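K.L.:
Spelled out from the first residue to the last, the chains are:
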Amino acid sequence: MNNMPINPLSCATEGAGGPTGTWRSHRPVIDTNQCTGCLMCWIWCPEGVIAKEDRAINYDYCKGCGLCAKECPAHAITMIKEADHE
Amino acid sequence: MNEAIKSVKLADMPDYELVKSGTGGCAGCPSPMGLRIVGKALGPNSIMVMTPSCAVASIGVMPKSCYDVPVLNVCFASAGASAAGVSMSLDAQLKSGELTGEKPTVFTWVGDGGTYDIGFQGISAAAERNDDFIHFCYNNEAYSNTGVQRSGATPKYATTTTTPAGKSAQKKNVPLLMLEQRVAYVATASLAYPQDFYRKVMKAKSIKGFKYIELHAPCGPGWKFASSDTVTLGRLAVKSGAWLLWEGEHGKLTLNTPTKPLAEGKMPLTELEDYLKAQGRFSHVMKSPQKDAVIDEMKAEIRREMDFMLGREKL
Chain R
1 MNNMPINPLS CATEGAGGPT GTWRSHRPVI DTNQCTGCLM CWIWCPEGVI AKEDRAINYD
61 YCKGCGLCAK ECPAHAITMI KEADHE
Chain Y
1 MNEAIKSVKL ADMPDYELVK SGTGGCAGCP SPMGLRIVGK ALGPNSIMVM TPSCAVASIG
61 VMPKSCYDVP VLNVCFASAG ASAAGVSMSL DAQLKSGELT GEKPTVFTWV GDGGTYDIGF
121 QGISAAAERN DDFIHFCYNN EAYSNTGVQR SGATPKYATT TTTPAGKSAQ KKNVPLLMLE
181 QRVAYVATAS LAYPQDFYRK VMKAKSIKGF KYIELHAPCG PGWKFASSDT VTLGRLAVKS
241 GAWLLWEGEH GKLTLNTPTK PLAEGKMPLT ELEDYLKAQG RFSHVMKSPQ KDAVIDEMKA
301 EIRREMDFML GREKL
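Heads up: the sequence lines are chains R and Y, in that order.
Just so you know, we're using the working numbering here: the first sequence kicks off at 1 and counts up by one.
Just so you know, we're using the working numbering here: the second sequence kicks off at 1 and counts up by one.
So that you can see chain Y by itself, here it is in the shape it has in the complex (with noise of 0.2 Å):
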């Protein structure tokens, strides 16, 4: 059944929408966009549940909507749980025959907030549970829709409304806690890898039961920069080692490319203080007399992530 899904070129993508022109969303935001290419790979045979997010704030106004699925716009803690509820209400119509042909593919778009921390036990528990549907993290690395302040995602250092200062305590990682928990399927993802994003859609489309893709999404208000660099961040991102590009399926771990030539030295770093300039929120740390030492202490906490990664690869 997991017959390895391979590349697909840009062309060969489907022309299907499911994002409408003329959202509410920022200019350049990584919301839309990453929709867009979930929409091309699971296609409108999709049940799409989301959280309060700047995803819900920019659907539109009554009687438009941007999104071209069927949508639940739930309380903030319950994705997993909602999302579990309709997958499984799907099963029992299919079972008893009042609802024939192809499940729909159900789907949560949530962000870093309704996954990190308020729906953390939602999507914990359908994870134990290995509920059919897929959850998508896509990761901002704060509460954007209010305004920025600090979330379980946000880097250390990093200035919100609510750490001014920088924030003192390092992100949460819960990819890992996902692969770690050992449901089907579990990847990370970045905007400025559409087609590696794309593969991973589709391979979680295959595989039934609890599928969990976080999507790195620099998002241009929050972290203050221009809004033509949110795919130059991502790739930034991914290139100098502060976004892993990874897959795990029960357990088993892959590092993806360019983060595995990078984490093991067979391609250089981009410098992680061009990543870092990029952005307003770091500026503080950039005119900092410590700078160097705090880029340094950046630098070894990548290390130590990349070599964690490469060990746990081998298992």
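Just chain R, with the same shape it has in the complex (with noise of 0.2 Å):
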């Protein structure tokens, strides 16, 4: 708390909301092999949790809700339950 600013302004940071991705139950895996670049997930992607070069997931933030999974037209992303993730 000592770090708190001591004008009334906040900064624009990553996990404003909390570490959102303990919020997940089932993880987006994309299998790079299918997927075909279009893009439609990186657009959609609600948190921007998708890097728009290579379709890396940042997991710490990813709510994990399926949006990514469910629109891909390539069907290369599956959601897969944490529990079973090693």
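Keep in mind that the hints were calculated from the coordinates and are not lab data.
Quick caveat, the model's predicted, so the values are computed rather than measured.
Just so you know, not all the hints are guaranteed correct.
[To be verified] Keeping only pairs whose Cα atoms sit at most 30 Å apart, straight-line, the calculated DSS-like set for lysine-lysine is: (1) Lys-70(R) <-> Lys-314(Y); (2) Lys-266(Y) <-> Lys-70(R); (3) Lys-205(Y) <-> Lys-52(R); (4) Lys-266(Y) <-> Lys-9(Y); (5) Lys-299(Y) <-> Lys-314(Y).
Make one complex out of these two single chains by using the hints.
P.N.:
Here it is in structure tokens:
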């Protein structure tokens, strides 16, 4: 709390809503061989956790909504139960 | 000045992220999804004005914020007046030389409650004065932030916590009011068509004066569907005719694809039932003995609106 700013301004920071990756029950996993690079997952991800260049997913903040897996035209993304993930 | 702005490929859209990862919004929320596209179109030289909404509630906890541009949280009724004031003060500072360079784009990001009901007079007045800012209404068809109460944008028969047996009144048509107010630019958009939305935001940015863009924003917890279906529901709404895509400049209307071929009958409409049964808020209609009559009434309403817009386009 010592680092609180003295003026009433907030700074743009990742994780302003907390470590939202902990909300997830299923994680999206991309099969890079099937991925055609159409970027639909990149534009639609509500959290912007899918990288534009290589579609790497930032699991620290991915909420696991499953939208990318549902909308992927190449069906390259599957939702895997967190408990089954090693 | 207003040369035709062409559709942009996804790969050519900027990397800039207005929304930082890890917002407080629900999984699958349409608000950060839409704001990310707005940020890519407007860039970091922008000022955002917000009224109480989910988008404000999901901003995060002080001293963190998930939005990368200056944000003003103003009272519910004042989106139009506040944004107009910000825009005018920027004009005055540019004139006096206190501010140099390109004028930041002032825009509001307001829900349907802050546009259709509580904030309507301020927005209508700003439109009449032709103040220079973009008003975005992300329309999730209810007061979702406070627990899904009915709003002026809730469609007839939809259940909310204040209309448990289904809403009995028709929804308002605010974009049409803006079109008839002959504002500099007005458009409706859908999250299922991100390139169309991006092009409309770019176009609004290029025009000086009052711009109004309404984004159809399916809300999972409010409409009762899974978090993965936000885009699917948006697409079904457009393809069934429940949401029309169009744009207008100074009262001149243009219907966009796929609404135009759907309205002209050149493309078959998706069954409205597919759209309704995907949402829990219409489940009482689907189980009702009057189901067919209700769906026929909704379809007649869609047909009427399409015929009206086709006729309006000829003006």
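K.L.:
Which of the numbered hints are not met once you compare them with the structure shown?
P.N.:
Violated hint (a single one): 1; every other hint is consistent with the structure.
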